[in-house]
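A.B. asks: In case you want the letters, here they are:
Protein chains: 2
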Amino acid sequence: METPEVITQFAKMLQNLDRWLEAGTAFAEKKKFEPDVLAQSRLAPDQYELIRQVQSACDAAKYAAAYLSGQQAPSHPDTEKSVGDLRARIRTCVQYLESVKPSQYAGAAERRVAPPWLQGKWFRGADYLAQVAVPNFYFHVTTAYAILRHNGVDLGKMDYIGSMPVQDG
Amino acid sequence: METPEVITQFAKMLQNLDRWLEAGTAFAEKKKFEPDVLAQSRLAPDQYELIRQVQSACDAAKYAAAYLSGQQAPSHPDTEKSVGDLRARIRTCVQYLESVKPSQYAGAAERRVAPPWLQGKWFRGADYLAQVAVPNFYFHVTTAYAILRHNGVDLGKMDYIGSMPVQDG
Numbered sequence: 000m001e002t003p004e005v006i007t008q009f010a011k012m013l014q015n016l017d018r019w020l021e022a023g024t025a026f027a028e029k030k031k032f033e034p035d036v037l038a039q040s041r042l043a044p045d046q047y048e049l050i051r052q053v054q055s056a057c058d059a060a061k062y063a064a065a066y067l068s069g070q071q072a073p074s075h076p077d078t079e080k081s082v083g084d085l086r087a088r089i090r091t092c093v094q095y096l097e098s099v100k101p102s103q104y105a106g107a108a109e110r111r112v113a114p115p116w117l118q119g120k121w122f123r124g125a126d127y128l129a130q131v132a133v134p135n136f137y138f139h140v141t142t143a144y145a146i147l148r149h150n151g152v153d154l155g156k157m158d159y160i161g162s163m164p165v166q167d168g
Numbered sequence: 000m001e002t003p004e005v006i007t008q009f010a011k012m013l014q015n016l017d018r019w020l021e022a023g024t025a026f027a028e029k030k031k032f033e034p035d036v037l038a039q040s041r042l043a044p045d046q047y048e049l050i051r052q053v054q055s056a057c058d059a060a061k062y063a064a065a066y067l068s069g070q071q072a073p074s075h076p077d078t079e080k081s082v083g084d085l086r087a088r089i090r091t092c093v094q095y096l097e098s099v100k101p102s103q104y105a106g107a108a109e110r111r112v113a114p115p116w117l118q119g120k121w122f123r124g125a126d127y128l129a130q131v132a133v134p135n136f137y138f139h140v141t142t143a144y145a146i147l148r149h150n151g152v153d154l155g156k157m158d159y160i161g162s163m164p165v166q167d168g
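So the sequences go chain by chain: A and B.
Going by numbering that gives the first Met the number 0, the first sequence opens with residue 0, and the numbers climb by one from there.
Going by numbering that gives the first Met the number 0, the second sequence opens with residue 0, and the numbers climb by one from there.
Because the hints were derived from the structure by calculation, they are not lab data.
Don't take each hint at face value.
Just so you know, same-sequence chains aren't split out, so a pair can sit in one copy or run between any two.
As the list claims (entries may be wrong) - Within a straight-line C-alpha distance of at most 20 Å, the following computed DMTMM-like cross-link-like pairs (lysine to aspartate or glutamate) qualify:
1. Lys29 with Asp58
2. Lys120 with Glu109
3. Lys80 with Glu97
4. Lys80 with Asp35
5. Lys80 with Glu109
6. Lys11 with Asp126
7. Lys156 with Asp45
8. Lys30 with Asp77
9. Lys30 with Glu109
10. Lys156 with Glu21
11. Lys156 with Asp35
Build out the structure end to end from the sequences listed, making use of the hints.
C.D. replies: This is how it looks when you write it as structure tokens:
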């Protein structure tokens, strides 16, 4: 998996996540509760609620794209309050991911990735992508999915995976 | 991310999962309930329980290693009943992943991956890895983690990520 392919896959999963949020809104309307109840839901009292899971998924993807292409990440403040706000945050993030050209990831595997929270230490680009960015990204999208499923939203595994890259013949 | 690196990361995550199961067993002993209650727990009535989440995570990793190295996957029947059985299944899977040499993944991106459930259709190896195997693998490990967290097992994000590939200097 080349780096641009991983980032494209992040964008695909974020668009899947957007559809799960749309299904959550439809479920709330059908059951006549406020969709923002879902935005505040969580699986354990000391785990992030849906809002922060979506923000964190977006950030995992955004920082991977920025660090591995040698750019400053754009600022996306965590101001979302509603499911509608979360869907807008996803669109903003996907637009950023799509703005980075594949050629900008040249040499990504060997880049020094030094997030501020490492306080001067760093990751080799390839280690950061495989062992930090990818597991972290999928953690947050899957937990968002699990919060919706746990609350009764009618989703299945194929909604999680999205379109399948099947070849014929 | 080269294919062998992705498979090595799957093995690392399965070893993390083994530690979450160990923490689940310790939690059950402390709270004086049967650890196998956790094995039967799930987040939604129509979602897999912990046993099948762990089996599915192992299979996602095993089939990725087998298909992308051009081997027949070993058979690991889904006979696990207890948390102890699940931990043994993980060990068996990790041993298999470690038995495949990096050189056996040569040309993996362009291999035709044709799982029986595609009924004659196929995936390009790189598409299968990025869009099917990786999201599917992380779906099942994260859902297993979420089941344990939801039931009160004392785990945090660093238990999920495991060791960090930090460089110094």
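A.B. asks: Output the indices of the hints that this structure fails to meet, ascending.
C.D. replies: 1, 3, 5, 8, 9, 11
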